[in-house]
Amino acid sequence: MPSTYPSFRCSVPWLILFLEAVFIVLFYFLFSDVYAFFSYPDLQDVSHMLIFGFGFFLTFLKRYSFSSIGFNLLIVILGVQCSILMDNASVFLTGRTVEAAMSMVAVVISIGAVLGKINPMQLIVMTVVEIIVFCMSRWINVHILEVSYRVSMMHVHLFGAYFGLAVSSRFSEPPPRAEKNASTPKSDLLSMLGTLSLWVFWPSFNSVLPPQKNEAIFNTCLALAVSAVTAFAVSGLTTKDGKFRMTHIHSAALAGGVAIGYAADRIKYPWIAMILGLLASTISILGSFCLQSCLNPRLKIHDASGVHFTFGLPSVLGALAQVVLSVMEIQTKSPSIGYEVVLIIGAFCFTISAALVTGLITGLILNFKLLKPIPLSKYFEDQMYWKFPHLAAGF
Amino acid sequence: MPSTYPSFRCSVPWLILFLEAVFIVLFYFLFSDVYAFFSYPDLQDVSHMLIFGFGFFLTFLKRYSFSSIGFNLLIVILGVQCSILMDNASVFLTGRTVEAAMSMVAVVISIGAVLGKINPMQLIVMTVVEIIVFCMSRWINVHILEVSYRVSMMHVHLFGAYFGLAVSSRFSEPPPRAEKNASTPKSDLLSMLGTLSLWVFWPSFNSVLPPQKNEAIFNTCLALAVSAVTAFAVSGLTTKDGKFRMTHIHSAALAGGVAIGYAADRIKYPWIAMILGLLASTISILGSFCLQSCLNPRLKIHDASGVHFTFGLPSVLGALAQVVLSVMEIQTKSPSIGYEVVLIIGAFCFTISAALVTGLITGLILNFKLLKPIPLSKYFEDQMYWKFPHLAAGF
Amino acid sequence: MPSTYPSFRCSVPWLILFLEAVFIVLFYFLFSDVYAFFSYPDLQDVSHMLIFGFGFFLTFLKRYSFSSIGFNLLIVILGVQCSILMDNASVFLTGRTVEAAMSMVAVVISIGAVLGKINPMQLIVMTVVEIIVFCMSRWINVHILEVSYRVSMMHVHLFGAYFGLAVSSRFSEPPPRAEKNASTPKSDLLSMLGTLSLWVFWPSFNSVLPPQKNEAIFNTCLALAVSAVTAFAVSGLTTKDGKFRMTHIHSAALAGGVAIGYAADRIKYPWIAMILGLLASTISILGSFCLQSCLNPRLKIHDASGVHFTFGLPSVLGALAQVVLSVMEIQTKSPSIGYEVVLIIGAFCFTISAALVTGLITGLILNFKLLKPIPLSKYFEDQMYWKFPHLAAGF
Chain A
1 MPSTYPSFRC
11 SVPWLILFLE
21 AVFIVLFYFL
31 FSDVYAFFSY
41 PDLQDVSHML
51 IFGFGFFLTF
61 LKRYSFSSIG
71 FNLLIVILGV
81 QCSILMDNAS
91 VFLTGRTVEA
101 AMSMVAVVIS
111 IGAVLGKINP
121 MQLIVMTVVE
131 IIVFCMSRWI
141 NVHILEVSYR
151 VSMMHVHLFG
161 AYFGLAVSSR
171 FSEPPPRAEK
181 NASTPKSDLL
191 SMLGTLSLWV
201 FWPSFNSVLP
211 PQKNEAIFNT
221 CLALAVSAVT
231 AFAVSGLTTK
241 DGKFRMTHIH
251 SAALAGGVAI
261 GYAADRIKYP
271 WIAMILGLLA
281 STISILGSFC
291 LQSCLNPRLK
301 IHDASGVHFT
311 FGLPSVLGAL
321 AQVVLSVMEI
331 QTKSPSIGYE
341 VVLIIGAFCF
351 TISAALVTGL
361 ITGLILNFKL
371 LKPIPLSKYF
381 EDQMYWKFPH
391 LAAGF
Chain B
1 MPSTYPSFRC
11 SVPWLILFLE
21 AVFIVLFYFL
31 FSDVYAFFSY
41 PDLQDVSHML
51 IFGFGFFLTF
61 LKRYSFSSIG
71 FNLLIVILGV
81 QCSILMDNAS
91 VFLTGRTVEA
101 AMSMVAVVIS
111 IGAVLGKINP
121 MQLIVMTVVE
131 IIVFCMSRWI
141 NVHILEVSYR
151 VSMMHVHLFG
161 AYFGLAVSSR
171 FSEPPPRAEK
181 NASTPKSDLL
191 SMLGTLSLWV
201 FWPSFNSVLP
211 PQKNEAIFNT
221 CLALAVSAVT
231 AFAVSGLTTK
241 DGKFRMTHIH
251 SAALAGGVAI
261 GYAADRIKYP
271 WIAMILGLLA
281 STISILGSFC
291 LQSCLNPRLK
301 IHDASGVHFT
311 FGLPSVLGAL
321 AQVVLSVMEI
331 QTKSPSIGYE
341 VVLIIGAFCF
351 TISAALVTGL
361 ITGLILNFKL
371 LKPIPLSKYF
381 EDQMYWKFPH
391 LAAGF
Chain C
1 MPSTYPSFRC
11 SVPWLILFLE
21 AVFIVLFYFL
31 FSDVYAFFSY
41 PDLQDVSHML
51 IFGFGFFLTF
61 LKRYSFSSIG
71 FNLLIVILGV
81 QCSILMDNAS
91 VFLTGRTVEA
101 AMSMVAVVIS
111 IGAVLGKINP
121 MQLIVMTVVE
131 IIVFCMSRWI
141 NVHILEVSYR
151 VSMMHVHLFG
161 AYFGLAVSSR
171 FSEPPPRAEK
181 NASTPKSDLL
191 SMLGTLSLWV
201 FWPSFNSVLP
211 PQKNEAIFNT
221 CLALAVSAVT
231 AFAVSGLTTK
241 DGKFRMTHIH
251 SAALAGGVAI
261 GYAADRIKYP
271 WIAMILGLLA
281 STISILGSFC
291 LQSCLNPRLK
301 IHDASGVHFT
311 FGLPSVLGAL
321 AQVVLSVMEI
331 QTKSPSIGYE
341 VVLIIGAFCF
351 TISAALVTGL
361 ITGLILNFKL
371 LKPIPLSKYF
381 EDQMYWKFPH
391 LAAGF
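Residue numbers (full-length UniProt numbering), protein chains in the order written: chain A, 1 to 395; chain B, 1 to 395; chain C, 1 to 395.
Treat the hints with care, since some could be wrong.
[To be verified] If you want the footprint, here are the derived chain A segments under chain C, 3+ residues with CB under 8 Å:
{"#": "1", "segment": "185 to 198"}
{"#": "2", "segment": "213 to 219"}
{"#": "3", "segment": "236 to 249"}
{"#": "4", "segment": "273 to 286"}
[Unchecked claim] To spell it out: a stretch of chain C is covered by chain B in this simulated footprint if at least three of its residues, at any positions, have a beta carbon under 8 Å from a beta carbon of chain B; those stretches are:
{"#": "5", "segment": "8 to 20"}
{"#": "6", "segment": "107 to 114"}
{"#": "7", "segment": "224 to 233"}
{"#": "8", "segment": "240 to 251"}
[Stated by the list, open to error] So these bits of chain B aren't anywhere near chain C, every CB distance computed over 10 Å:
{"#": "9", "residue": "Phe52"}
{"#": "10", "residue": "Gly55"}
{"#": "11", "residue": "Leu74"}
{"#": "12", "residue": "Pro120"}
{"#": "13", "residue": "Val129"}
{"#": "14", "residue": "Arg150"}
{"#": "15", "residue": "Ala178"}
{"#": "16", "residue": "Ala182"}
{"#": "17", "residue": "Leu291"}
{"#": "18", "residue": "Val342"}
{"#": "19", "residue": "Phe350"}
{"#": "20", "residue": "Phe368"}
{"#": "21", "residue": "Ile374"}
It is worth saying that the hints were derived from the structure and are not from the lab. Even for Gly, the Cβ is constructed at its ideal location relative to N, Cα and C.
The task is simple: from the sequences and hints, build the whole structure.
Structural data, given as structure tokens:
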């Protein structure tokens, strides 16, 4: 009975066109010249990750694959334009296209937390709000907390995960064994396609900003490798009969890349990167148990694609590792490093609180009647948003 | 009843071997040395687009996925060899591998128009004829109409689309609601895989030839971004209940990249690229309605994968934009630009008429009894061409 | 009845963790500095091939797709770490990350031969043994047989195929028409996804080591092109009604790239590369008939993904071509080339015998009770190793 679905005909298209018109006008005023300072291989790898990697990574829901991949495209593109403008408007003015695209990872991660629960209208509002807030948080990180530009960018996973969780807490939980909130082997395979793309391109992501690119790449590769291997071990240990779970592999294989983000170019010994990958993967899988059985039900949070343990916990670990590395460097370097440690911790606390507070506020905004929040019974369903030609023919 | 299918055993394999033998002999005489002047990243991106991107882009038909992807591989490879030889034989002698591969986009687009309606025999004949004609048309463009080499190459979408349509007009239309001429959600997703690959690599395509690579890349990215966003808006507006259609996203997301092709490196302001992307996407979706409901039935053309509105109309728009840009430059530059405008229009008209005329002739040739055209009832079916091992086991 | 499956809970995870601990300790002692001498584009392409390309290439079995792609990831990553350590421990000391990844192709090929027949425990043991043996065989090739480092690396296909076959001969054959030992159109398409990825990236693989990169790339492209085209011709000729078989396209399309590996940078004329591609493809498809109907049943070998004719025979052809090319160069160059020919033949014979002997021994080891070999009835089945969430919900 399609008549029972709300129609977004008078809202979503016009909102998109309005935003696009605003972007074009702003580009007209702000960019007197073509804005072309970037390395194309970096841009290509990051856009491959965002469009192709995250797009397929999110297609694990059995009835939500069109929306996962389609809306991911929409959101990434809208967000990147918004991010380019924000970068340029802010005092950075280093503002380069690749960095603008990297910021979008925060939004894509957040969307993972509310996947299937918010409509395109809400998605767009959330994207614009989050990218603006994240850009401001980075500005404060760099200009007030004196954190390096590179580290401020690596907060992208942390910010994305906790912003998404805070938003998610404002939406009602689906029943624990909802038929639609599940994957099939086919959709898990598609999601694996995205995961492997992300896995292969992750070293590019971590090496865009550091000057010592090769060190960053090599350390990221090692951390990713160890975290993927450990994922199998820990996944096997957490089931009664030693079988693996594909969802564990999806999330834990990437955990190493997330955790090493902050310090990829500063790690001097390969074994440190490997240990970090091992810890990240273990925390990710063990965290998935604790969170799903204890914390989430109590806080009434439903984390649709497990962004908390895929991106949140590993980035907390990464921040911790960065602090430890800095402390270890004290003995060898100047005493000013103590001040640096305080700043790193301050930036971390500030970013996580900013994400949680603005996420909560955004969650409240998204529940406004104006944005037509969808009822619980219509969660995780493509049919609300997509016209299927085959349905006419009795598929 | 497989006995009712025509067998291509005595024709297709021998035709392929004959062509391959001819190519090897010609390579023997023409290339005394290894022909290795090219940039590998460019070649890799273009071949990724042709083999992987277009291959999956065409897999939307529910019972034709093996043929879509398999024959695409066959055709691309045969065509590239043919194209290398033509480039070398022609007076260009700049003839480089990447450009030879780029020409193949014309053939792949044309094949989209007759997808599922012609057999491998006809496909191969069409490929060879089209690549020769396109190469000659480029030669005339460059040497007689004095158009730049770069612009002559960007006619590839225009030529491909109208050649394909002309060929398609010589084949009978399938019944409007043919069961096999439809997609399923799975096949639409596979097609989306191809679309996203094409989308990510399109900036590479537009930046192979221009010397100002970064400008071309940035403008193409913007045009693609705006066209994908606009695709969602316009798609939502054209359905009664505001739902999106995946086929609109497939075609309109790429329209911006096609439209900006001609002038990607000459556009000075980002907002022009964005406007072009917006127009391309709008024209593509609105065109799909007008063409499918008015023009195509009247002209008895069946455009299997919508190449007219995916590649044809956007490239017409791109050519128009190029003229407008040239006219606007008159005031600032030398008066000789008026002459340039006439040449651009002339080259455009020549290319489109060459495509239509040679396409019609090719369509007539393809209907020769010798090439065993397939009956209407066998359209859009893999079983004619592929042995399925699982069928023996009662699949 | 999951209770009938053996549980790997007490073995596989601990084995993985043990190996990972050993690797970390060895990295701690062996690498005092970050090990970062590599070209990132090469590393990215090779890892794309290994993780994404081979992963999907092996997903053709209808009930084994999770294991194909998951275990491929596990094995590749474990193997690369092992290979980095071996390279470093050996006297090479050139040991670079890309080369370590390239060696893993041998293991991935071998695993193709026993796909679905060995459990993760056996897989890991086989990986570690094979990578050590292959590294030693390369050492002997370079330091005793005085073969160039590049050629010793190109033995990777030869070694992988014959090692895998030897291991496979120690496992019982599945019944000829086993229901589970088959592909579906969907799984064949996924496998095509992997094949096309491999096809597009193969020129990168062949051009990592040679100094004349562009020649190697161009020759590899030509050989791959001709072999894919020929695959269609020969596949059509070998069926009664001229239909194509997807499995032929999968294997023969890559045969050209394998065959040209040894001499990609030494071939002076494009037509030689093309002839080699044509022969490789023909040998691959004709070989698949001879092997599957005559040799394999007699030797009681079951070659699950046809590695013998996809990688084995083409690499034998490639070695032969290398010898012929060297002999042809005698007249033009110094007489010492006769000695070189002897060395090439010696290295070839040594590598193939080393592969067969150590493969047989490894096959015997893998059948130890300790490693819990799986019974014939559980071959080709994901359910042994993976927890499917949807099964609980009555999928």
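For each hint, the structure was consulted:
{"no.": "1", "hint": "185 to 198", "result": "holds (count 8)"}
{"no.": "2", "hint": "213 to 219", "result": "holds (count 6)"}
{"no.": "3", "hint": "236 to 249", "result": "holds (count 12)"}
{"no.": "4", "hint": "273 to 286", "result": "holds (count 3)"}
{"no.": "5", "hint": "8 to 20", "result": "violated (count 0)"}
{"no.": "6", "hint": "107 to 114", "result": "violated (count 0)"}
{"no.": "7", "hint": "224 to 233", "result": "holds (count 7)"}
{"no.": "8", "hint": "240 to 251", "result": "holds (count 9)"}
{"no.": "9", "hint": "Phe52", "result": "5 Å, violated"}
{"no.": "10", "hint": "Gly55", "result": "6 Å, violated"}
{"no.": "11", "hint": "Leu74", "result": "5 Å, violated"}
{"no.": "12", "hint": "Pro120", "result": "8 Å, violated"}
{"no.": "13", "hint": "Val129", "result": "18 Å, holds"}
{"no.": "14", "hint": "Arg150", "result": "23 Å, holds"}
{"no.": "15", "hint": "Ala178", "result": "20 Å, holds"}
{"no.": "16", "hint": "Ala182", "result": "17 Å, holds"}
{"no.": "17", "hint": "Leu291", "result": "30 Å, holds"}
{"no.": "18", "hint": "Val342", "result": "40 Å, holds"}
{"no.": "19", "hint": "Phe350", "result": "31 Å, holds"}
{"no.": "20", "hint": "Phe368", "result": "19 Å, holds"}
{"no.": "21", "hint": "Ile374", "result": "14 Å, holds"}
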